[in-house]
Amino acid sequence: MSDERQHWPLFEVFIRARAGLEHKHVGSLHAVDAKMALEHARDVYTRRMEGVSLWVVRSADITASDPDDADAFFEPAKDKIYRHPTFYEIPDEVKNI
Amino acid sequence: MYTQGLDALGDESLHLPEEELAELEAHFQAKIDADEKIEPKDWMPAAYRMTLIRQISQHAHSEIVGMLPEGNWISRAPSLKRKCVIIAKVQDEGGHGAYLYSAAETLGISREQMIEQLLTGQAKYSSIFNYPTPSWADIGAIGWLVDGAAIMNQIPLCRCSYGPYARAMVRICKEESFHQRQGFEIMIRLCEGSTAQKRMAQEALDRWWWPSLMMFGPDDANSKHTGQSMRWKIKRFTNDELRQKFVDVTVPQAEFLGLEVPDDALVWNEETEHYNFGPIDWDEFQRVLAGHGPCNQERIRARIDAHESGAWVREAALANAAKQSKNL
Ligand SMILES: [Fe+2]
Ligand SMILES: [Fe+2]
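Quick mapping for you: the protein sequence lines, in order, are chains A and B.
According to this note's numbering, the first sequence holds residues 1 to 97 in order.
According to this note's numbering, the second sequence holds residues 1 to 328 in order.
Possibly wrong hints are sitting among the right ones.
[To be verified] Derived coverage of chain A by chain B (criterion: at least 3 residues anywhere in the stretch with Cβ under 8 Å from a Cβ of chain B; other residues may be distant):
1) 6-12
2) 26-32
3) 76-87
These are computed hints drawn from the structure, not numbers from a lab.
Just so it is clear, the structure is predicted and the values come from calculations on it, not from any experiment.
Ideal Cβ positions, reconstructed from N, Cα and C, are used throughout, including at glycine.
Use the sequences and the hints to build the structure in full.
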């Protein structure tokens, strides 16, 4: 019963709610291939017109950053406050900047 | 204690020195206290993981088994409109099961393990679905009361500390409201109808009232998981708090229908501004939970049949996919 070959792989599902918006992750499902994953995604995640476009991608194909290393990994951005507009002092009388 | 699969989980904590574990747990609880969400790959105590696997998979099983009592009426719905509605509702419940199984899988248990636990009787599901649906009015009562109680339970779960569960619940709650309203509408139509139809509605309320109150689980004094689950913000309200809320909103709805809630002790309490209600038959609850309800065997049998008779489809689909990818 639990032979690996008998299991349908996992896919992640992304929906564009309407034109102009980005595709957003909504969940996952099992399917034998991408074509079936799309059909299942339509039935499982868009029963009420939640989207105008669907992406599916095999979960195994996603490379993710490691939450345990998140501090070190995202550290380079932390001390670079000069990347934010609030870092710069502009006198109040200067307008439109 | 739970399953073979779960013994392998929680490994993250096993090989750590005690101080380090205490530090991780303190950090984890601090995140929860600060209302931060926990995501699948974050460190979590083994007991948190197991509690969630148990709760989410039970919840998923309940959605799946919950399709059966209503599925019973798809072919006998009294009109085309009602047939479309009940099909859509049952399809939603299947979808709810799918969202929840996916959420549980992020914790390291496989879909196959969960299905096996359901089919072998190792896993529990909501006791409510072990009651029969002898009349069309039961479909009204299920939507009104069972989905109503489910909504009461599920809304606070949208703020649960575990991200994937909370997100699945947001999706589910959006869909539940139609379930309850279509059920109440069935009850309205029956209550406006002939004496016989009104009697059907009353009998369905009589059948489903007490099992619906049991859906909130054991009373607080006997609920062994409540304290820890509340500290972990998996649960936000106790079983008794939610049950009281349900009674308070549902009794006026029964009055609107002109139906009588089957509880002689039911009375509005001016002081507490809540309804007092009679004692729940916890022996019945335990009996049904232990597998001795009116339909336990029938429900599991139906799941096993569906799983086994669908096996060739799953295999054929895989074989076809393998063949297609070779042809590319
Ligand atoms: Fe549901
Ligand atoms: Fe529902």
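Hints, one by one, checked against the model:
1. 6-12: holds (count 4)
2. 26-32: This one holds; 6 residues, not fewer than the three required, reach chain B with a Cβ under 8 Å.
3. 76-87: violated (count 0)
Figure legend: structure checked against the earlier numbered hints; the only hint not met is number 3.
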